[in-house]
Structure formats: structure tokens, C-alpha cells
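K.L.:
Chain by chain, the residues run as shown.
Protein chains: 2
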Amino acid sequence: MRLLVIGGSDAGISAGLRARELDPTADVTLLVADRYPNFSICGIPYHVSGDVPDWHHLAHRSAADLDAAGLQLRLEHRAIAVDSDAHTVTATAPAGRSTVIGYDRLIIGTGAVPAVPAIGGLDRLGPADGVHVLHTMDDAFAILRTIAERRVVRVVIVGAGYIGLEMAEALTTRGLTVTLLEQLDQVMPTIDPELAAPLAAHLRDRGVDVGTGVKVHTVGHAATGRLAVGTDDGDHVADLVLVVTGVRPDTDLAASAGAALGVRGAIVVDRGMRTNLPDVYAAGDCVHTYHRLLEQHVYLPLRSTAHKQGRVAGANALGGTATFAGSLGTQAVKVFDRVVATTGLRDTAARAAGFNPATVEITADDHKAYFPGATPIRIRVTGDRTTGQLLGAQLFGHRGAEIANASTPSPPPSATGPPSPTSSTST
Amino acid sequence: MRLLVIGGSDAGISAGLRARELDPTADVTLLVADRYPNFSICGIPYHVSGDVPDWHHLAHRSAADLDAAGLQLRLEHRAIAVDSDAHTVTATAPAGRSTVIGYDRLIIGTGAVPAVPAIGGLDRLGPADGVHVLHTMDDAFAILRTIAERRVVRVVIVGAGYIGLEMAEALTTRGLTVTLLEQLDQVMPTIDPELAAPLAAHLRDRGVDVGTGVKVHTVGHAATGRLAVGTDDGDHVADLVLVVTGVRPDTDLAASAGAALGVRGAIVVDRGMRTNLPDVYAAGDCVHTYHRLLEQHVYLPLRSTAHKQGRVAGANALGGTATFAGSLGTQAVKVFDRVVATTGLRDTAARAAGFNPATVEITADDHKAYFPGATPIRIRVTGDRTTGQLLGAQLFGHRGAEIANASTPSPPPSATGPPSPTSSTST
Chain A
1 MRLLVIGGSD AGISAGLRAR ELDPTADVTL LVADRYPNFS ICGIPYHVSG
51 DVPDWHHLAH RSAADLDAAG LQLRLEHRAI AVDSDAHTVT ATAPAGRSTV
101 IGYDRLIIGT GAVPAVPAIG GLDRLGPADG VHVLHTMDDA FAILRTIAER
151 RVVRVVIVGA GYIGLEMAEA LTTRGLTVTL LEQLDQVMPT IDPELAAPLA
201 AHLRDRGVDV GTGVKVHTVG HAATGRLAVG TDDGDHVADL VLVVTGVRPD
251 TDLAASAGAA LGVRGAIVVD RGMRTNLPDV YAAGDCVHTY HRLLEQHVYL
301 PLRSTAHKQG RVAGANALGG TATFAGSLGT QAVKVFDRVV ATTGLRDTAA
351 RAAGFNPATV EITADDHKAY FPGATPIRIR VTGDRTTGQL LGAQLFGHRG
401 AEIANASTPS PPPSATGPPS PTSSTST
Chain B
1 MRLLVIGGSD AGISAGLRAR ELDPTADVTL LVADRYPNFS ICGIPYHVSG
51 DVPDWHHLAH RSAADLDAAG LQLRLEHRAI AVDSDAHTVT ATAPAGRSTV
101 IGYDRLIIGT GAVPAVPAIG GLDRLGPADG VHVLHTMDDA FAILRTIAER
151 RVVRVVIVGA GYIGLEMAEA LTTRGLTVTL LEQLDQVMPT IDPELAAPLA
201 AHLRDRGVDV GTGVKVHTVG HAATGRLAVG TDDGDHVADL VLVVTGVRPD
251 TDLAASAGAA LGVRGAIVVD RGMRTNLPDV YAAGDCVHTY HRLLEQHVYL
301 PLRSTAHKQG RVAGANALGG TATFAGSLGT QAVKVFDRVV ATTGLRDTAA
351 RAAGFNPATV EITADDHKAY FPGATPIRIR VTGDRTTGQL LGAQLFGHRG
401 AEIANASTPS PPPSATGPPS PTSSTST
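Here the protein sequences line up with chains A and B, keeping their order.
Residues 1 to 427 in the numbering used here are what the first sequence spells out, letter by letter.
Residues 1 to 427 in the numbering used here are what the second sequence spells out, letter by letter.
Treat the hints with care, since some could be wrong.
Note that the list lumps identical chains together, so a pair holds whenever it fits in one copy or between two copies.
Under the rule of at most 20 Å between Cα atoms (straight-line distance), these lysine to aspartate or glutamate pairs were calculated in the EDC-like manner [as the list claims (entries may be wrong)]:
no.	residue 1	residue 2
1	Lys368	Asp252
2	Lys368	Asp65
3	Lys215	Asp104
4	Lys368	Asp54
5	Lys368	Asp51
The hints are simulated quantities; they were obtained by calculation from the structure and are not laboratory data.
If we strip away everything but chain A, and leave its shape as in the complex, we get (with noise of 0.2 Å):
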């Protein structure tokens, strides 16, 4: 069996580490179109920062892990062509040679790029200018680079979105100044205001100028050499302009190949991973993700679920019958000293789903209020008023919370939809 996954990320490596668990026999080469594979993405802003000083850290397993659990990484190849009749795939090697491979069964793990809005110039200006996106370890690098040799004083940030709020800490961390420019009334679009509002505040009480509602729409030179970012809200300088709203799905290999696209361009697949193609799975930031109470597949990237994904995509590759037992979308930020964590279908998103929700919140404390230390956790959950079914929470505390200590709140909460007339609730 010639298993070839394409891609070195969480998808490829974990369907690539699952194949080899269950047969350890299976010959796994993966293309990985750069030098690092199994690299956290998510953990660059941390890098950035200098709360992880070496680089290399970054990598969730090395080369030597990689290689003892019987993966074949080739290193700097790019796929460029897939020819599912055949069963191969043609690859562009280093130096620019190119190479064909045959495989028996094929996993497409091609991620996200990302999603460049539509702002005037952005077409015009990159890395030599000082305008940066962040999505890989080259991304990172050209970022130190333009701090190091632009001596970098202000940074321009477009996009609140984690990434976005991530690094706008890992910047300010390293002495920078920091605009973080959302065009949407909040910061972290994904979570409810009335939590967004205290994150705002402590990026502000932390230095970070945060602007929301503000639709960028030019980024050029400024006549001092500097960077201009123009806004219906006035002009900004910056030194560096890092531009993160969003990825979209990397999908030109696979469509090319004949593989059908769904939701926001993303590569269907079914609750196998198997795309449409014979013998041709995919798993990641490139497909569509099933979300389990949606019931249907949205777009929906996030490392976590690429790891399931590609566990099962690897399972199925080699003749398993695994299937994704689909997405909540569950997400976890930390910025600066307070986190925030999301689960499920807020109202908003619940309401488009046809569901009937209401949402409570309360606060509690991390651990008992008599025990020193103890800090507030706010806790928004949300309900569908019809069938009593939970749909989702969101969660907002601080970094150092406690695990273990389910704390009782305190007696009547706030609520945003009206009070249940019974509240027996379970552990």
C-alpha cells in the first residue's frame, strides 16, 4: 500500500501518523511544499512575541519523531498536479526539478492561504515593503526580518480575528505600537459584544490603539518612507502593515484534479473524507467541515479539527470505515492576560439556523471566592428555547483560571432571554 498525502500540516501529518498506527507496513510519503513540516501555525504569535525563543520549538514533532514513526517527508516539494486515472502525482522538487510519484491511495492536505481583502494596493506591496501576511514559518520569518532591518516603530494591524488579535500582543510584547483595525463594531467577530467589549478594553488597557468599525481602504507609501493605511476613520503610519482577515481554503490542486467544490470554495468530501475522486481523500483547512448541530457542512478551519480530520482520512485511506464525528467549532484565545473560549452556535448564529435560542450569563468565579486568587469567569450559554437542546458557550476569563474548581454562581443571573421557570441543571 503507497500512501501519499500532500501536505505537511496537521491534516497530512496526523492522516499520515494514523495510517502508520494502523499498519505499520504502509509505505507513507508525504509532499510538504516547505522546510517545515508539522510546524504550528498557531504558534507563531508566540514566537514573534519572544515567549518562544527558538523557532524550532514551534514544531510539534521533529524530523527525527517524524522519521521514527515511518513517514517520508519530501521536503520542498509542491504538488502541482494530480492525475487521479493514473494514480499519480507530479511534484516540483528543490533546484526546480520536477518528479512524478505513484501512490495506491491519495490524501489532499492542502490547507489555507490566506483570504487578501480587497484594499486598495494590496496587489502592489509585500514583504520588501513592510506589508505582511502570516499563515507560514516563511511568513513569520519575513515579519522579524522587516522589525529587524526597518526598525519597525509602528504597526498597523487590519483584522481583528484571532490571529489578528494575537499578534497584536506579541507586537506590543516586543515594544512595538500597535493599530489593530477591525472593519466589523467588535474585535474577535466570532464571540458575542458584550464579552468582545471587556477584550477590547484589555488590549487597550495593554497599550494596543484598537479601532473597530473602521473599513480600511488603501495601503501605500508615505511620503517619509513609511507605510500609509488609509481609512474612512483618517490616515495611519506604520512601519510594518501585517494584513490577517481570514484564509481561504487552497483548493487549485485538487480542482484541477476534478475534485468538487462546495461552501466557500472548500473541497467536498464526505463524513470518510473521501472526496469525489477514486482513491483521493482530503482533510484540513482545504475541505468543507460537517458541524454537528448544524448538521451540514460549512467552512469552518481550525487545527484542532484538521487533526481529526486527517486521522480519519488516514484511517480510511488504508481501507478503515472511520467517519468525522463533526466540528463544534471550539476555539480558545489568549491575548495578553484574559482568554476566550467558544463552543457551538451562539444566538445570532443559532437564530440563521432556524434554531430558537435564548442566551443567559452569568459569572462565576474560577474557584471558591474565600480562596486567594480567585478570579471572575464570564459565561454566556446559549439554549434553544424550544427543545431545551444547548447549543453553545462562550467564556471569558483570565489566563491564570483555575481547571478544577466548578465554583456555584451567585443567585439570580442576568439573562438576556427570560429566566426558566425550572433550573434543575446537571453536573
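Knowing the structure of chain A, use the given hints to seat chain B on it.
P.N.:
Frame of chain A, contents of chain B only:
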């Protein structure tokens, strides 16, 4: 509506508060046997340790809070008889007076009392001799008095359940020399031995002399004026002996009134917390508790359960239709710098209940290992092989483990059951 509540701990207080939430005109009176309404019994070890220097802070709510919520507290009123036909309760008041109080609905929340084991000498010795139990604030004060007055150096704790563990930490923190003796083969008998072993090791690291599989048969005066604890493994000398071998429901009052008793002698209630007596409800450590997975009533005295049952009783006493959803026995215990948490059924309990369980163990970091300060969490998960149902989980980790960042476990988990053929997992 005159609602009378017997008991001022978690069940009684939450019943009263819930009643007042639903009907701010309800006449809610609580008979509190001591002078410490709504105190955290669970917090006592942290006062003994010195972590909570002022014992007043162990109150979840002050007398003023409870007054503001509309609860009429009668402190030092001990109920001695219930006449459910006449709808009256007789209580002794301070200075030996006796009083009869009428009610429309009654909630019994008398809680539990220490279960003193069959150890020779315990029937004759008490706090004046340095032999203690620990279940009330008065018990705590008595222990502190003994420590101060008897110049305590050595302590023997009999019983390594969670109170024994917490008190071992508390008394060690005070500088005393502690021996912790447990009749069963492990500390914290509610968790698997695989996690109890590192917990015992941590206790020993911190200087606690831990003896498991040790049966204590006598406690008596030693010739030196100290105490002698005789075991089948030799004798221990102590200045203070603390017997914490569990609790039994406090049901003398309810039984005398004709309340039916069930498992382990606990008051029988339905899931609306109704007893067999007209207009009489009961909640908390004095009643049996519906277990969600076992789908039957068991004796499971826990603060969080008492709180929830109290709210159900409070709602239903006012004519509501609340149902106690059931408990999973969720518990978390801090011992020095480690925390153990458990929920649901572990392997042995599941097998005894007729399930076909498998338990697997993984070790995951609390956050990604590349970020400074990651600590491992050992996680044991139990499921049913036949149905795939999740039955329970146990965790062992560091106290400072972070709450928010779910980390991907390293590839092949060690398993006490066979590896699962498919591995689709949910968030």
C-alpha cells in the same frame, strides 16, 4: 405561603433562595442548628491551613446577604420533631427554650454526619482528648483549639478520602507532621489506582507519611500523655487524631416523622425532591441522589448536588414542576500542587453496573508544549464497548494547569483496553 426549611447549609439555603426568586412574597424561614448559615464545609481545610485566615470568609453569603434575599434565619434552632399531619415543626431554641412553628410546605436539609468507623476507643475519646471529626465549623474550631492548647506536633489522619487529603495538606502547611492512614489499597478510593499512585507520591514529596492498606483498630491514650493509634501495621504516636472516613445521612428527624429511608439510610425522594410525607420535601446530603448514568438513586453527598437539589425543592415547594436532572458525581480535589477531577463512572463502577467498559489513558499538555509553563494532564476516559457511550473521565494534573487551550495528545495513547479501530473524535 409559609415555607419552612430545616438546615442552613447548601441545600437549605439554595432552596430558600430559589423560593424567594420565584415568589418574592413567600414567607421563608430557615432553622439553622448552629450559628454558621451558608458556610462552606469544603473550605474548612483552607482555614485550618491558614490560606483563608479569617473564618468568616468561608461563608458563601453573609447574614446580611441572606437577609437582603428575604430569608428569615433562626440560628441555633435545632428541629427535634416534625408533625406532617399538623404541619408543625418543634425546635429547641437558644437557652433551652422550645418552640413550635407551623408551615405550609417543609423542606428538610439536615445534611450528613460523620460516619465514625468501628475503631476501639473512638466511643470514649473526643475533642478534649485530641480526637476529632470534621464536618462543621464547630469541629474546625475544636481542631484549632487542640492544635493551640495541646502543642500538637504529630497528627494521624484516619481516612484518605478528599477531606483526609485536604486536611493532610492543611496540617502539613501549618508545620505539623502528618501521617495519613487508609484502610483501602490507595488514597482517594474514588479514582483509579493509576492516578491515586502519583497523588500519593506527591503527598510523600510534600512530607506526608502515607500508609495505604492499613487498618486502624484502636485509638487510646499513650503513657506519655499523647495518643496512640494502633494499626495492624504497628502503632503511631499522635497529639491529634482526625477521623474522616466519610459521612452518613442525618435522618433521625425525618425518619421519626415517618419519612421513608432508602439506600444507605438516605431519605427517599422523587426527582422533584418530594418525600413520602405530604408537603414535605428534602434535599442535599440527607437524601438519596438520582445518578444520570446508573439511572437509579444512590447515596452521593456532594455540595454541588445539594445546591441543585435545593433549588428543585425550593421551586416545587412553591408549586413548581422542577425535576432534578441527576448527578454524575463530578468532583475536583486540590492536594498541594496537584488536582484530581473525576466525573461519571470509572471502569470498576461501570462493570458493577452492568456496562461493558473500556478505559484508555492519555497524557496531554495543558497547553502547547512550546509555550512556556506547559504541564501534563493525565486523562483516563471510560466508555462502553458495546454502545460506544461515554461513561466517565478522571484527570490528574498540576494545580496551575490552564483552563483554555485544548492540546492535541501525542500520537499513540497507551490503552488498558484494546485500541479502537476507528478514531473519529468530537470536540
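K.L.:
List in ascending order the numbers of the hints, as given earlier, that are violated by the structure.
P.N.:
Hints 1 and 3 are the ones this structure does not satisfy, whereas the remaining hints hold.
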